[in-house]
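Hey, can you work out the whole structure from these sequences and the hints?
4 protein chains.
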Amino acid sequence: MPPSRQLMPPNPNFGAATKQFLMAMPISQHFGFDVTDVGPGRFEITQPFRQELSYREGVFQAGPIGTLADMAAACASATMLPEGWIASTADYTVKLLEPAIGERLVIRGRIVRFGRTLSVAAADVFAVNGSDEVLCATALVTVRNLAPALPAGEQVELPVAHGGRRALSSS
Amino acid sequence: MPPSRQLMPPNPNFGAATKQFLMAMPISQHFGFDVTDVGPGRFEITQPFRQELSYREGVFQAGPIGTLADMAAACASATMLPEGWIASTADYTVKLLEPAIGERLVIRGRIVRFGRTLSVAAADVFAVNGSDEVLCATALVTVRNLAPALPAGEQVELPVAHGGRRALSSS
Amino acid sequence: MPPSRQLMPPNPNFGAATKQFLMAMPISQHFGFDVTDVGPGRFEITQPFRQELSYREGVFQAGPIGTLADMAAACASATMLPEGWIASTADYTVKLLEPAIGERLVIRGRIVRFGRTLSVAAADVFAVNGSDEVLCATALVTVRNLAPALPAGEQVELPVAHGGRRALSSS
Amino acid sequence: MPPSRQLMPPNPNFGAATKQFLMAMPISQHFGFDVTDVGPGRFEITQPFRQELSYREGVFQAGPIGTLADMAAACASATMLPEGWIASTADYTVKLLEPAIGERLVIRGRIVRFGRTLSVAAADVFAVNGSDEVLCATALVTVRNLAPALPAGEQVELPVAHGGRRALSSS
Numbered sequence: 001m002p003p004s005r006q007l008m009p010p011n012p013n014f015g016a017a018t019k020q021f022l023m024a025m026p027i028s029q030h031f032g033f034d035v036t037d038v039g040p041g042r043f044e045i046t047q048p049f050r051q052e053l054s055y056r057e058g059v060f061q062a063g064p065i066g067t068l069a070d071m072a073a074a075c076a077s078a079t080m081l082p083e084g085w086i087a088s089t090a091d092y093t094v095k096l097l098e099p100a101i102g103e104r105l106v107i108r109g110r111i112v113r114f115g116r117t118l119s120v121a122a123a124d125v126f127a128v129n130g131s132d133e134v135l136c137a138t139a140l141v142t143v144r145n146l147a148p149a150l151p152a153g154e155q156v157e158l159p160v161a162h163g164g165r166r167a168l169s170s171s
Numbered sequence: 001m002p003p004s005r006q007l008m009p010p011n012p013n014f015g016a017a018t019k020q021f022l023m024a025m026p027i028s029q030h031f032g033f034d035v036t037d038v039g040p041g042r043f044e045i046t047q048p049f050r051q052e053l054s055y056r057e058g059v060f061q062a063g064p065i066g067t068l069a070d071m072a073a074a075c076a077s078a079t080m081l082p083e084g085w086i087a088s089t090a091d092y093t094v095k096l097l098e099p100a101i102g103e104r105l106v107i108r109g110r111i112v113r114f115g116r117t118l119s120v121a122a123a124d125v126f127a128v129n130g131s132d133e134v135l136c137a138t139a140l141v142t143v144r145n146l147a148p149a150l151p152a153g154e155q156v157e158l159p160v161a162h163g164g165r166r167a168l169s170s171s
Numbered sequence: 001m002p003p004s005r006q007l008m009p010p011n012p013n014f015g016a017a018t019k020q021f022l023m024a025m026p027i028s029q030h031f032g033f034d035v036t037d038v039g040p041g042r043f044e045i046t047q048p049f050r051q052e053l054s055y056r057e058g059v060f061q062a063g064p065i066g067t068l069a070d071m072a073a074a075c076a077s078a079t080m081l082p083e084g085w086i087a088s089t090a091d092y093t094v095k096l097l098e099p100a101i102g103e104r105l106v107i108r109g110r111i112v113r114f115g116r117t118l119s120v121a122a123a124d125v126f127a128v129n130g131s132d133e134v135l136c137a138t139a140l141v142t143v144r145n146l147a148p149a150l151p152a153g154e155q156v157e158l159p160v161a162h163g164g165r166r167a168l169s170s171s
Numbered sequence: 001m002p003p004s005r006q007l008m009p010p011n012p013n014f015g016a017a018t019k020q021f022l023m024a025m026p027i028s029q030h031f032g033f034d035v036t037d038v039g040p041g042r043f044e045i046t047q048p049f050r051q052e053l054s055y056r057e058g059v060f061q062a063g064p065i066g067t068l069a070d071m072a073a074a075c076a077s078a079t080m081l082p083e084g085w086i087a088s089t090a091d092y093t094v095k096l097l098e099p100a101i102g103e104r105l106v107i108r109g110r111i112v113r114f115g116r117t118l119s120v121a122a123a124d125v126f127a128v129n130g131s132d133e134v135l136c137a138t139a140l141v142t143v144r145n146l147a148p149a150l151p152a153g154e155q156v157e158l159p160v161a162h163g164g165r166r167a168l169s170s171s
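Protein chains in written order, with the working numbering: chain A, 1 to 171; chain B, 1 to 171; chain C, 1 to 171; chain D, 1 to 171.
One thing to keep in mind: the hints can contain errors.
No copy labels: a pair is met if it fits in one copy or bridges any two.
As the list claims (entries may be wrong) - Calculated cross-link-like contacts (lysine to aspartate or glutamate; reagent style EDC-like; alpha-carbon spacing at most 20 Å):
#1 Lys19 <-> Glu52
#2 Lys19 <-> Glu57
#3 Lys19 <-> Glu133
#4 Lys19 <-> Glu44
Don't read these hints as lab results, they were simulated from the structure. Small disclaimer: the values here were computed from a predicted structure and weren't measured.
The following block contains the structure:
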């Protein structure tokens, strides 16, 4: 799935801003994950095994897998937002591929298409044991791009110059 | 969405069995929800607001919403399984419709089609404040029907008599 | 799945307008279906069996099933649009439940949540033989609400008065 | 999305067999596409613009886009089946990213995870004009692996040696 090329985040502090956006959520504090990579249009989370996230001993449950996939994908998309904008999930589809048995999960999100009001992103979830990585889930996520100053649910065009619905390739 | 008519669970203790299946998961203990209704092909969960499940104060985050929708739908399907069988999620798609602001969520799962190896179920998620219910998310879930005695991932035909892929309508 | 109550289409000619929107597409002429019911937030299509839409003799292929489900759901949502606005599919998820063997398909779309920029709708697909109806597929669809005068892909707020992201229940 | 490594199709004639499976469907004859690449776990279709598949002049409609994505993904998965087995779609999710304006569509399917009873595959859809390719849709597809000799809807284990639900990496 070829990501949009030449992604140039309009916010020079996109990495710190996106990480801050995610880490400010109470649920993130509870999960106890780390952000292990951020780049233009990509975002990686590493989640240690925790019993509270499990189906049974040693196995992550489907819900936290989807939660983390949504977060990594939405944050991958959020890296391309102007300062102060946020990404709000409209929907996510998660395919569970293997039992998620591992010391930790590594979740890699990436933009598929960045738009003005809506963006689409994807995430792959790997169960990791030592140096062994198994792809245990994959997800597609649609996010709304929301300006922060507006009342909840209001929506505005992104104030950036780009061609129609084409992927934002320059600021 | 018309559920299969005349659903007759093959396990006379389907209610207790399905509830036990869900409540035995460590994640369920952590969420702290109640099972507030169970019937043939349906399953309802009530989740009080908890900060650990929130996006910001008072608002449930998308991940727990999907987690609960998956659980209610998978358990609705599990009510139709023979004793000892379990439902294992293959995928779920969640559409977030409104900000999930509420004292609690009520999640209503129902079978859409019960099959031998695969079933499809749905769930609606309501944000509740006093007597006000707002539909804040809807989900479709595909589950595998797994026999418990087999090694993880093995799959067997349901040992029940019914017509091909038609919904199980009698035991 | 409770549809929004009290749906009051802002366009008094919503039925004719939505039907015209669908029937003007070249693909609709090719499929050769009929619109057999339209109401506020709902839209029904009846599709006779045609070999060009089949997987093998007598069985509709998955693609046309999804095509019709998307159309019925998007048109159900379009019934709530102001005059001249159109619904444009952002995504659809189709669950295939039974082999679609029938003289015809009846596809029933309904709004799940009507919003300003995005709406969610659903569709159930029935394979019909004589008086026998079998639910053979179900779908969830997200649509964008687009003003017609704008260049392709541009998006504007619906010029209607309603409370935030709540479903439009009055004009 | 890393495909399973070392895919070794158990059927040495997987390319011809998968192409034959697709081309034998009446709908394929109607669409008039070509299979332009086949390999272990991948399958590419090229579809010329046809008015019958359009939303308006020059623009492919969402339904045929989903149809082709489903076909390419299901066939990518089918390349890994033993002789005589077929892939039957259980569900598909399609995200529409850009208006599908082009002389033709190129649809690239690939296996994400090959399983015994269920497999997951993906497809990207490109609108092509001259040498310009625009990613206009992406899809995830779940397929059932069915033995051909069984009555419709019956399901059997794949008679291949591999480790549990792990991706088939050797025959």
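Practice item. Check each numbered hint against the structure and report the violated ones by number, ascending. Key: Of the numbered hints given earlier, the structure breaks just one, which is hint 3.
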